[in-house]
Each structure stands twice: as C-alpha cells, then as structure tokens.
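Here the protein sequences line up with chains A and B, keeping their order. The letter at position 91 of the first sequence is residue 90 when you use numbering that gives the first Met the number 0, and the numbering goes up by one with no holes. The letter at position 463 of the second sequence is residue 462 when you use numbering that gives the first Met the number 0, and the numbering goes up by one with no holes.
Some hints could be false.
Claimed, not checked - Selected chain A positions facing chain B (in silico; Cβ < 10 Å):
(1) A39
(2) N41
(3) Y192
(4) G200
Read the hints as simulated data drawn from the structure, not as lab findings. Where a beta carbon is used, it is the ideal one built from N, C-alpha and C, also for glycine.
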Amino acid sequence: MTGSPGREQVSRVLQQHGALMVLAALVVVGSVAFDSFATAGNAASVLVSSSFTAIIAIGMTFVIISGGIDLSVGSLFVFGGVLAAYGSQYGLFVALVLPLAACGLVGLLQGLLIARTGMAPFIVTLAGLLGVRGLMLAISNEGATTYLVKDSAFARLGQGGVFGLTWPVYITALLAVAAMVLLQRTAFGQNVYAVGGNEPGAALMGVPVARTKVYVYLMSGLLAGLAGVLNAARLSSGVTILGIGLELDVIAAVVIGGTLLTGGAGGITGTIAGVLLLGVIQSLINQVGNLTSAFQQVVSGLFLALVVVAQRLLGRAQRLG
Amino acid sequence: MSQSVAPVLEARQISKRFPGVVALDGVSIALLPGEVHALVGENGAGKSTLIKVFTGVHRPDGGELIYNGSPVAFGTPLDAQRAGISTIYQEVNLVPMMSVARNLMLGREPRGRLGVIDTARMYGEAERILAGYGVVTDVRRPLRTLGMGVQQMVALARAVAIDARVVIMDEPTSSLEPREVETLFSVIRKLRDDGIAVVYVSHRLDELYEVCDRVTVLRDGRVAHTGPLAELERLKLIALMLGRDLDEVRTGGLTRFSRDRRHARERDGAAPAVRAEGLTRRQVLRGVDVAVWPGEVVGLGGLLGAGRSETAKGIVGALPLDAGRVLVGGLPLRTGSTTAAIRAGVSLLPEDRKAEGIIPALSVRENIALAALPSLSRAGVVSDAKIDKVVEVFMRRLRIKAASPHQPVQELSGGNQQKVLLARWLAIRPKILLLDEPTRGIDVGAKAEVQALVDELAEEGLGVLLISSDLEELVEGADRILVLREGAVVGELSGDDVTEDKIMASIAERGAESDG
C-alpha cells in the first residue's frame, strides 16, 4: 500500500521546502507592492535582525528532530548577553568564554537530566527557563543593572561587518552550513534523526541514545548563549529585559520550516527559511505602515497553524498515497 | 555438526527475575556455529527474556554468558552488537521516517573526506546489499513508504551486515508473504553455511521443521527439552511446549473450530447481518462485495496485500472509501465513521494489536470497558458497578489470565492481550465481529481457546468475518471463504470446496491470468 512515487515525492518536497517557496513568493509580492521593500537596506535589516533567532533556531532544530523541546533558550539568550557584557570589562576573551561556558553548562545539565533520568524535556527545560532567568536577575541586581560593553573589539563583533552586513549574519551563515553538514553527513546527525524517529528502535540498532540527547541539549544551550553574546555586542550592553517568549518564536520558526514537532524529520534549510519568513512578514507589516507590530504576531500565528495543518495533510498523503 | 564443535554463544544457568515473576530459572543453552537453533515455547515461557539477555537489553541475575569461550557481560545492545550478536525483532525496529539506505547503514556509514558521510557510496552499498536479498528499490525513499515485507528484509540485511557471529530472529516471518519467506529461508541457510549461529523464534511449526536443525523448548522459564528437531515428532513438540501429556494433546489439546455448523446454514430468505457492496479505494480495493449472515463465519483468503485487512477496515469505516456502501441489517451505514459502525453493532479486532488495539498502560478493566463506555454510562457518568460486572463476566468467559482486573495490559502475554481486545468488542454486544488475524503471535494454547470462542460466538448467532494468513485456520474455522487478490474477490468457496488446495488454486489461477 504505497503511494505513487511521483506524488510521494511532491509531498516530500513540499514538506521540506514549503517554507522556502512561501518565502520566495512573499519576497516577490513584497517587491512588487512596496518600493521600499526590495532595497539593500531593508534586506540587510531583515537579515541582521533574523540572525540571532536563526542561531538559536539551529540548535532548536536538532533538539526537535531528536524528539525533544528546549524551552530554556530565551532565558539562556538573555543570560548569555548579560554575562558577555559583564565579562567584557575583562576583555574580549572573557566576554566570549564566560557566557558560552555558563550556557553550555546549563545545556549540558539539562541534557544529562533528560537523557539519564528520563525526565520529560518540557519539564526539565521549563525549570531551566525559570532558573536561568533567576540567575540572570541575581547577577544584574534584579535586572536594574545594565552592564555596558567596555571592550571595543567585542563591540565590533556585533556591529562591524563587510558588504553592508554585520558579522552576526556571516557567523549565522557559517553555523547554518556547519549544522547542515553535521545533520546530514555525520553519524551524529543520523543518530539525532534515529532517536527522534524511533527511540527504542534506535537503541536496539546500537545508537548511543543518551549521548546523542546530551549533545543536542548542550549544543542548543551553547547556541542560545552565543546568540546572546552577539546581541550584547550589537547593543553594546547586557539588556536584561530581552528573550521573554523568544523560545516560542524559535519553535514556531523551526516548525514552519518543516521540522516535525514529533521528531524524526526536518532540516536546517527549512529552519532558516522559517526564521526569514517570520522576519519578512514583520518587514512587510512595517511597510504597510498603519498596522501595529501586534498584527505581526497574529499573522505569524495564523501561518504556524496553516503549516501544521499542511504537515498533517502531507503526512497523510505520504502514508496512504 | 557434531557436539565437539565449541559453541559460539552459551548460556549457563541463567536466571532473571522481575518484580513478582521469575522469567528465567537456570536456563542453559548452547548455540553452535553453523546451526539454525529453534527457540520455542508458549508466550511467557521466557523466550523474549532470554533473547534480551543475549542481546544486552537485560542483565541476568544469575548464571553466566560464555561468548567465544570466555565469559561476557553485555551492558547495552550496542555492546552485544559490536561483539557480533545481531537481532531482528518481531516488530521492525527501524526508523520509519529515515531513508532505506540510512536505516541500513546507520552506525557504519561510509566516510569520505573530512570524516563526512559519503552519500553516493552509501546509496551504492545499500543497493548492493539489498540486491542480495532480492530487494530492488529506491534506497533514498523513506522506509515507511515500503511494505512490511521489504522493511523486514532491510532489518535482516542490517542485522547480518554487521559481521554477525550470532543472528537472533524473533518471529521474522509474521509479516512476510510466502515468496518473501522463501527468500528469508535461503538467506538463513546461507548464514548457516557461513558458520553463523542462527536463533529462530517462531510459532509456525512448518517453518521450524523446514529451516531449523536443533530445538530448545522453554516452559515457565526453564528448558523443557533440547535436541535435534528432525527427531522430534510434531505432537511431541507441542506437548513439550504446553507441558501436557502427549495423549492429552492427541485427543483434545488442540481443539479447533468445530465443523458441525457447516452446511447447516439456512440462508435463504434471511437478510445478511452485514452486506458490503462495491468497496473501492484507490490502489487498494477494487469493488469488493462481502455479505455475512448471522451465525456464519466467512473467511477472507488471499495473500498479504490482497486487500483483506482493508476490506475489514472499509466495513467499519476505518479506511476512507472512494466508492461503495455498507448495509447493516438492511440499513445503509454512514461510511468513514467508526462510531456509526460501532453503534450499528459492527466491531473490528484489528491486526496490529500494539498500534491499533490495546492501550498498554491502562488496566485490563479499562481496556475492556473502553468501547462499551457509552452503553455503561448515563448522561456521561460511568457506572463503576456495571463496568465491574461486564469485566468480570468477560474475564471469566474468555479465561483471561491476569493478576487482577487492575493489572496493566502490557504485563499480560500476547494471547491474553488478544483476549482482552476480544472482550472489549464483545462487551458492546456486536452483531458482526470482524477478526483480523485473531491468533497471530499468540501461543498454541491461547490460539485454540480463541478459535473455540469464535466458534461458540457464531453458534450464538454472531456474524463473523475471519481474516487469517493461516490457511488451516481459515479452512477449519470458516463456513464460506472469499478469496481476494489485488483488491478484488476472485473466488468464493463453500461446503466441500473449503479446502486449502482450493484456496491456493483460486489464488494461483487468478495470479496466472494477471501475470500473462
């Protein structure tokens, strides 16, 4: 009872590249409708503002494909930023290493708890979300202290760049390529798919399930921290009010990009497309002018619902043909 | 093969306890290189536990495992697999959403430059390996888009490809077509000739005698017998498994459906309990007509993929239909609605117990009461007393062996799980019962009980549609047989024509036509 190969392929392509197609269509529509949309300046602004979400979303893609979820990334993002700004008074090296070490450690602990004790990722990372934000508040005097970036080399990391784009955009692009190779072309990547696709089966096939999960959460923590670091460099300060609800935006972008929330399928290309799609929707709504940014959330929400419905239908088409 | 050959894997006095159960009690077994060793026993005899000890899933509480002459303790399935002990399980344990090639090569993907997976070589290698098993397919396709038989072959190819010294097969043929079984057997014989020890677990005696050299019978966690299989009479083997006297087995231990009812059916004038007309579903069903009269057992014959399960699913509304209608007691049923079917008194006992039937973590009581809840409650409030009564009646009547009605279903043996499911559907007092492979994967004793029960239910006026891959079961159980092929009814057999030969002839006849 298999579908015809042609139809099967069409639905698979739609699943994997649907977000990219919609993104392309929106860009075309936006370019035609608004003179100020298809400008280098606007494109750069979308890319720059999307890059931080994209870095976190790369880590989240691994987590979701492995069948898990990471709710702590929003807190880790702001925690990493505050630590980076704080650390910048001791120079570039500390500004980079301190937040990455701290966020990596949190990710590692969450991964160990999830993989070794079998606790639900939702609960463990919810604890992470609350705990890490608490930590951030503790070191910033209840959020009242905003550390300013003291190191100019560090600030350049977030503000400098070439060809009209800042370094974070290039770093994101590099990370995305590395993540694609890691996911598609290494044993670790295959293990991530296997764990998310059939965990008991993967264990019986000799996949190191626990280790794979630990790495996935470690990576997600590191990337969330890195996004925070780069953002602090961009803002020249450790703003303490960022990142609330960011984890949900990231999850939305990953799912819109075609990664199944149930695990086992998805990819980096889709995720990047999903992040950019949300960025472009935001930009288009800004172009319209008289709509508030609240409207952007309504559109994003509708879009997410649409994608999930489409995934269900495509999934059914693939199974029944 | 002489006893002087050193065993490749040996269990010595292995014991394993679980809370409340002694699963293995001093089991010793030696697997020789180049033999196919049958491991048999009723459900709950300890076969699965023993396999899990071999493969590093369970650690034994006592005794030792000797591998290649030295004691070993496998901490994980990976350890056992690396050491050369491979297992293929009853349910295919692969990753459905990953491609065929990636499933096959997971954990030993060919690497190119920079340690990155060389996909071209991976696909080539996967194709080459699968070709050796008679499987020709696009290895880039997700595994789930292939049939169960092909998936099983991929699992087997994977198990063997990792330099295995011992290959353990747990019910490998339960979802294979006869042609695929032949391929499997030739692969098994090749493994044996290569000096690999094969452990073969199956309930199908024909297969055991065809492919196995020696047999070990487990009963209640102990070894009841071990020795060459060819010297063991079939009835003796069954007696060993059941722990009964040979005479008892000869006279009544293997009760099957009674034949008394046959020919006695008076159909003229009476309306069928259920009539399905022109059931059509793209690529699956091509206008199937089925009618079942009250008190009649109608068998659906045919090969895997002929549309037998799909017919049953179409009748209860679990498979969306492109065309066709279903009449129950002369009234048309709303298609595509299982609720409507259940309300009209049509119940389906699905083929895949795990995926479509039992809810493993719920208790026996809850599993039984599930479908009948609407009739056991008033204004949405469930009556505990009524449930208790229904559950008690069915546990007694179907002889469900459980510690209490509150024991989770997952702790029961396969046969008892099947009875729980049967109870669930009987509890809603159906007029028609559709049974899809009701005795697959359950032990001989429970099988006979389920068969006798079906017989009894038909006597009481229930219409039964019976699907079984076991020809003998069909012939013994059904009053009338419809033979399906490629989604259409190609023959109807009744009375004296209900024989295994006639069914096979009916399938083959049509096959010759469509091949030519």
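To see whether the hints hold, each was checked on the structure:
no.	hint	verdict
1	A39	violated, 35 Å
2	N41	violated, 37 Å
3	Y192	holds, 5 Å
4	G200	holds, 4 Å
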